[in-house]
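Protein chains: 4
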Amino acid sequence: MENDHGEDVTSFLKEICDYLITRIREQIHWAIDKNASISNLVQIILKAKRIHLYGMGRSGLMAKAFAMRLVHLGLDVVVLDETITYPLSREDVLILISGSGMTSSVVRLAQIAKKIGAHLVAITSNENSALAKISDTKIILPVKKDNLKGKYAPMGTLFEDSLLIFFDTLIAYLMDILGETEASMRKRHASLE
Amino acid sequence: MENDHGEDVTSFLKEICDYLITRIREQIHWAIDKNASISNLVQIILKAKRIHLYGMGRSGLMAKAFAMRLVHLGLDVVVLDETITYPLSREDVLILISGSGMTSSVVRLAQIAKKIGAHLVAITSNENSALAKISDTKIILPVKKDNLKGKYAPMGTLFEDSLLIFFDTLIAYLMDILGETEASMRKRHASLE
Amino acid sequence: MENDHGEDVTSFLKEICDYLITRIREQIHWAIDKNASISNLVQIILKAKRIHLYGMGRSGLMAKAFAMRLVHLGLDVVVLDETITYPLSREDVLILISGSGMTSSVVRLAQIAKKIGAHLVAITSNENSALAKISDTKIILPVKKDNLKGKYAPMGTLFEDSLLIFFDTLIAYLMDILGETEASMRKRHASLE
Amino acid sequence: MENDHGEDVTSFLKEICDYLITRIREQIHWAIDKNASISNLVQIILKAKRIHLYGMGRSGLMAKAFAMRLVHLGLDVVVLDETITYPLSREDVLILISGSGMTSSVVRLAQIAKKIGAHLVAITSNENSALAKISDTKIILPVKKDNLKGKYAPMGTLFEDSLLIFFDTLIAYLMDILGETEASMRKRHASLE
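Protein chains in written order, with the working numbering: chain A, 1 to 193; chain B, 1 to 193; chain C, 1 to 193; chain D, 1 to 193.
No lab work stands behind these hints: they were computed from the structure. Using N, Cα and C, we set each Cβ at its ideal position, and we do this for glycine too. Any given hint could be a false lead.
To be verified - Facing chain A, from chain D, some residues (calculated, C-beta under 8 Å):
#: 1; residue: 81
#: 2; residue: 105
#: 3; residue: 108
#: 4; residue: 111
With the hints as extra help, turn the sequences into a complete structure.
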């Protein structure tokens with residue numbers, strides 16, 4: 001163990017937490033100010049026959065957390081790397097998530113989806129990536145590098161954390177639009193847990 | 001569609017985001033002020049032969065996001081519902097996550113782990129739950145109910161969101177203690193993505 | 001390495017393979033001769049609103065392989081430990097798989113399902129198990145112990161292998177009943193692979 | 001329902017079962033007679049620092065069933081699409097499984113693995129596929145088309161079924177080489193089920 005924080009562990013932990021929180025808020029506000037694509041995304045989700053989602057690694061886990069809530073809202077959802085999947089159709093939306101926008105498996109899926117003619121949504125921090133360029137709708141969650149990022153938020157941490165809070169913001173907005181409540185959503189929750 | 005937010009979608013989305021962010025920060029600060037069990041948790045993680053993790057639903061997804069970073073830190077980690085698992089031993093720690101602390105499959109695992117004699121960590125929002133009571137170390141992430149919770153943060157949302165940011169706070173702290181850097185962690189990242 | 005099979009590796013491997021094959025065939029024929037419950041199972045699958053499936057470990061993997069083909073047949077299927085699940089309803093069937101019939105998580109699910117009133121199917125090698133007793137329909141795939149089992153088919157191997165071939169036998173039968181063909185099934189295959 | 005098999009359901013089911021069984025046995029015997037690559041595979045598995053496995057869809061499920069038993073044998077195993085993965089190293093083996101040998105995600109992994117310098121094993125039914133050509137060791141499980149295949153064994157069924165029995169044959173052979181018994185393997189079985 002290299003460091004000894006003695007009694008100021010508490011303040012060190014709060015400093016890390018507040019760094020993450022501040023950056024997440026900043027990134028999501030930035031994305032919300034690009035209002036047009038979010039309203040767009042909501043409309044696309046609501047009119048899609050089926051919502052297909054995919055991301056790799058931690059982004060994929062956040063996609064799954066979003067998928068669960070979309071099911072609670074009564075929507076028809078598929079996560080691509082699970083057992084139960086369905087062919088992508090022209091009436092569907094495919095939401096692909098990649099911080100770098102260059103994950104090769106994700107870009108390959110984007111190319112297949114374009115051929116099929118499904119609506120393609122990219123969620124990425126890289127506006128100039130292959131994924132962003134090929135997509136019909138782009139949600140950019142930008143991640144600024146600063147002196148603390150490598151120390152407090154290694155690799156994709158800020159993208160992934162923002163992703164979860166952004167998705168949960170969208171869920172509350174979708175609840176409002178659809179007139180759903182916590183009680184109505186709970187009825188669609190798995191009964192076998 | 002029941003509501004029409006017209007041009008103030010932007011401010012509505014920011015209000016939801018800020019509600020989530022504020023509550024997450026509050027819950028994690030509360031947990032950090034209970035400093036003793038967090039320092040404890042960090043020591044237990046560092047001296048465990050192997051770290052076993054489990055949670056159901058969205059809590060389980062956050063456990064997996066944490067597990068990935070623990071692997072990047074060079075630790076030996078198992079997620080219980082995956083293909084590759086190992087028997088729990090007395091030298092191991094089992095971290096169980098449940099907002100309610102009453103998920104039956106989680107409580108059952110806690111009971112088995114106690115018999116084996118492994119160190120049992122509970123992460124829950126319910127200090128008086130069966131899970132909290134049986135565990136050797138408890139991290140409480142309390143979730144207060146207020147007027148907006150059901151509207152902006154249905155079901156376990158505040159617990160799960162706090163969980164991710166709390167875990168990522170711990171990761172930065174563990175990096176510091178272990179002398180790890182983003183570069184050293186990246187070398188342990190899956191090379192086949 | 002304890003043994004050296006020199007040039008008769010070939011015959012040793014064939015001996016193992018033939019042992020497995022012979023025992024699998026025997027177990028499935030035995031189950032087929034108990035015709036009534038299989039015809040029953042097929043009718044229950046066909047009239048269920050939704051088919052829920054669950055097994056642990058290797059049994060769970062075979063359940064997933066079966067689930068994929070049921071989707072290709074156009075049926076509505078849920079695997080319980082995946083992201084996308086739905087509440088179990090009285091119009092649904094829950095198929096639970098456990099060689100011993102005593103896996104505690106499986107028995108617990110059986111009890112919940114009975115309260116809900118869904119049709120409960122057990123697939124097990126243990127006719128007298130808690131799981132078999134509580135279930136509405138039982139498919140018994142018996143596993144006889146003999147001198148070679150521990151050497152050629154450790155733990156649940158014979159149950160799990162028989163399970164896959166039994167499921168694939170059912171799939172061909174369901175294709176016939178439903179008038180499905182390889183071509184019609186292929187259209188329901190995930191297009192994004 | 002198009003057909004009515006009346007009282008001969010039993011003989012129809014047995015006919016399907018025996019068709020599958022006969023073809024599986026034939027395919028595995030064919031692969032065993034190509035003895036050299038199987039002995040090779042066993043040696044490569046035993047000397048690898050870590051065994052990485054991957055397949056898509058039902059092939060991936062069979063890979064996971066194999067992975068579980070390799071863990072029971074005390075080997076160090078990774079399944080690529082799970083939470084806990086490790087970078088592929090030159091001392092590792094990557095076993096890729098694809099019936100067609102042309103699944104694009106699998107071929108892409110093969111190319112990355114070759115650059116890293118890990119030993120690459122292909123298990124496929126297509127000797128002339130991109131996957132077979134790039135691999136250091138090839139196990140061919142050939143699938144002949146006949147009049148009944150489309151009716152009794154749609155899509156990859158015969159490949160996937162043979163895969164499971166082939167893997168379980170290998171496990172019994174590895175037990176023998178390593179001097180492992182059912183009892184010694186059971187000790188490495190997950191204790192939390």
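Verification of the hints:
1. Annotation: residue 81(D) was flagged as interfacial toward chain A, and the flag holds, the nearest CB pair being 6 Å apart, inside 8 Å.
2. Interface restraint check: residue 105(D) against chain A, minimum CB-CB distance 6 Å, threshold 8 Å, status holds.
3. A distance limit of 8 Å between C-beta atoms decides the matter here; for residue 108(D) the minimum to chain A is near 6 Å, and the interface restraint holds.
4. At its closest, the beta carbon of residue 111(D) sits 10 Å from a beta carbon of chain A; the interface hint therefore is violated under the 8 Å criterion.
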